[in-house]
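Protein chains: 2
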Amino acid sequence: MDSKVLLKKDMKEKQELVNIILDRFLPRKDEYPKEVHKALRYSVFAGGKRLRPYLTMLAYCLFQSNPEPIAPVAAALEMIHTYSLIHDDLPDIDNDEYRRGKKSCHAVFGEGVALLAADSLLVSAFELVTQAEIDESLRLRFVKEMAQGCGINGLIGGQMVDIESEGKKVDKKTLMYIHENKTGSLISLCLRFGAIAGGATEKELAAIESYGRKIGLAFQIIDDLLDIEGDPVALGKSIGKDEEQEKATFPSAFGVEESRQQAADLIQEAKHAMRGFGDKAVLFEALADFILSRNS
Amino acid sequence: MDSKVLLKKDMKEKQELVNIILDRFLPRKDEYPKEVHKALRYSVFAGGKRLRPYLTMLAYCLFQSNPEPIAPVAAALEMIHTYSLIHDDLPDIDNDEYRRGKKSCHAVFGEGVALLAADSLLVSAFELVTQAEIDESLRLRFVKEMAQGCGINGLIGGQMVDIESEGKKVDKKTLMYIHENKTGSLISLCLRFGAIAGGATEKELAAIESYGRKIGLAFQIIDDLLDIEGDPVALGKSIGKDEEQEKATFPSAFGVEESRQQAADLIQEAKHAMRGFGDKAVLFEALADFILSRNS
Chain A
0 MDSKVLLKKD
10 MKEKQELVNI
20 ILDRFLPRKD
30 EYPKEVHKAL
40 RYSVFAGGKR
50 LRPYLTMLAY
60 CLFQSNPEPI
70 APVAAALEMI
80 HTYSLIHDDL
90 PDIDNDEYRR
100 GKKSCHAVFG
110 EGVALLAADS
120 LLVSAFELVT
130 QAEIDESLRL
140 RFVKEMAQGC
150 GINGLIGGQM
160 VDIESEGKKV
170 DKKTLMYIHE
180 NKTGSLISLC
190 LRFGAIAGGA
200 TEKELAAIES
210 YGRKIGLAFQ
220 IIDDLLDIEG
230 DPVALGKSIG
240 KDEEQEKATF
250 PSAFGVEESR
260 QQAADLIQEA
270 KHAMRGFGDK
280 AVLFEALADF
290 ILSRNS
Chain B
0 MDSKVLLKKD
10 MKEKQELVNI
20 ILDRFLPRKD
30 EYPKEVHKAL
40 RYSVFAGGKR
50 LRPYLTMLAY
60 CLFQSNPEPI
70 APVAAALEMI
80 HTYSLIHDDL
90 PDIDNDEYRR
100 GKKSCHAVFG
110 EGVALLAADS
120 LLVSAFELVT
130 QAEIDESLRL
140 RFVKEMAQGC
150 GINGLIGGQM
160 VDIESEGKKV
170 DKKTLMYIHE
180 NKTGSLISLC
190 LRFGAIAGGA
200 TEKELAAIES
210 YGRKIGLAFQ
220 IIDDLLDIEG
230 DPVALGKSIG
240 KDEEQEKATF
250 PSAFGVEESR
260 QQAADLIQEA
270 KHAMRGFGDK
280 AVLFEALADF
290 ILSRNS
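If you read the protein sequences in the order shown, they are chains A and B. In terms of numbering that gives the first Met the number 0, the first sequence opens at residue 0 and continues consecutively. In terms of numbering that gives the first Met the number 0, the second sequence opens at residue 0 and continues consecutively.
Source of the hints: derived by calculation from the structure; they are not laboratory data. A hint or two may mislead.
Unchecked claim - Covered by chain A, according to a simulated footprint, are these stretches of chain B (three or more residues, beta-carbon under 8 Å): (1) 201-209; (2) 274-282.
What the hints assert, rightly or not - In silico DSSO-like pairs for lysine-lysine, Cα to Cα no more than 27 Å straight-line: (3) A:K33 to B:K33; (4) B:K33 to A:K143; (5) A:K8 to A:K240.
As the list claims (entries may be wrong) - From the structure, some residues in chain B lie toward chain A, with a derived Cβ separation under 7 Å: (6) D91; (7) A106; (8) E179.
Cβ coordinates follow ideal geometry from the N, Cα and C atoms, glycine included.
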């Protein structure tokens, strides 16, 4: 089977697994208090690609045949991602009215409800990790690393420098800090958890983490490019927001062509990092290509 | 020594212990990214009474002589409390400009920074629990219970119904739901963690939890009363906000006198719940009285 077709099939299967876990774990829409449950289901099931949980399961399946034991951890990472999007979209931060082709959470449910719904996703992610069918000490380690990866030296640090840098000319170091933390830290964590739980050696883990850093940065560069040249219909959100908000982006720092080249180079480097896995890395390679060519 | 003096001395000692842990654990103000670190230190060291971590250490010290092993868990619970205050004060929710006699976090640092600083306190609380010098399985259990206590069936559920109920006439059931979840769930958790880690039997734990439910509710009733009759200088915040925002409160549902009587009854019941501990409960009794008579 063509590796692109294989990737599509594998992503679909693993997406379904993560959707089942999220659906089982999240309270029903009609549970009390209704508004917050409706809001968090609205955002969690808004058509996300489930890229992050897929990475966790993909890394796990390099070493194990069945992704189920790691799926709750993967689902927890998707909840973290969704929480960060809801808070990012709030008027307090980016003020985005649309996300994935639908009104953003606060635009539908109001800012207070959206804020609290995201908070509840964040805490629930920690609860879900404690429930994974993996070693107790591994669960505790993942709680700790997840907190660190989401925190001021990870995701939140990236969001913070992002808003601080609006309207300012930023140097390459700051731009890298934003991208590596805001996008890269969670993507790295996803791969890391899968690899560790799967039983990777230190050397294997280092290769997978290197792959993660490269695709994470490439993913963000493509994101920046799509905000300039993307199709709003395919993207499901308005474009041109970065320029309007004077965001620090790769195209604004290096130009469109240079940025595209950097993304392509990173994708090649990511694939190269996985060469030690031989044929087993086929889905990692196909995924790297998918990230480079994505239009949404 | 008079029990009131004893309580004051004990609170001061344990406050200092928790302050040391918070100071060591939180990044320095000048660490990158500076704004978020300044903001979270501003709120964490804004002069809170450290009531919640005190409860954890108090319950622990019913069974153990040295509070240090549980102090990181206690400090984590204070971080959860501070996170919830920062989000509550945001214009998205209660829009409070003052807290503890100082400008609230967003009034000083802006809404985006305040939002993210609180998010980082929330995730850091989970990290801190993983570092306590208690059994690994106990740490994992506390992570799980903390997530549940903070979540949609605890703290966040209470905040949610609170904002949903603004401007509506609410029944007693809804009022109790708000108070039990918004204030009670975290207070119960604090006592519960201390008691469990200390080695309480099921029966002892039940007594301590009963004490927690009573003082938690009394604490919130007093809070409602202070918003009507309190001294803004002592409180460090403006009063009359509940009425202005048409909040569901005890005085609005039962009147001032009846609410005061209910608080006094709850305090008596709380003290009664601890009778099995004999002389060891002296600080619990003094604390219950302190909650009833507090003016800030």
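Quick rundown of the hints versus the structure:
1. 201-209: violated (count 0)
2. 274-282: As far as the region 274-282 of chain B goes, the hint is violated, because 0 residues have Cβ atoms under 8 Å from chain A.
3. A:K33 to B:K33: 38 Å, violated
4. B:K33 to A:K143: Cα-Cα ~23 Å, so holds.
5. A:K8 to A:K240: Violated, at about 33 Å.
6. D91: 4 Å, holds
7. A106: Violated. Min distance 13 Å.
8. E179: Because about 13 Å separates B:E179 from the closest Cβ in chain A, which is outside the 7 Å limit, the hint is violated.
Of the numbered hints stated above, those contradicted by the structure are hints 1, 2, 3, 5, 7 and 8, listed in ascending order.
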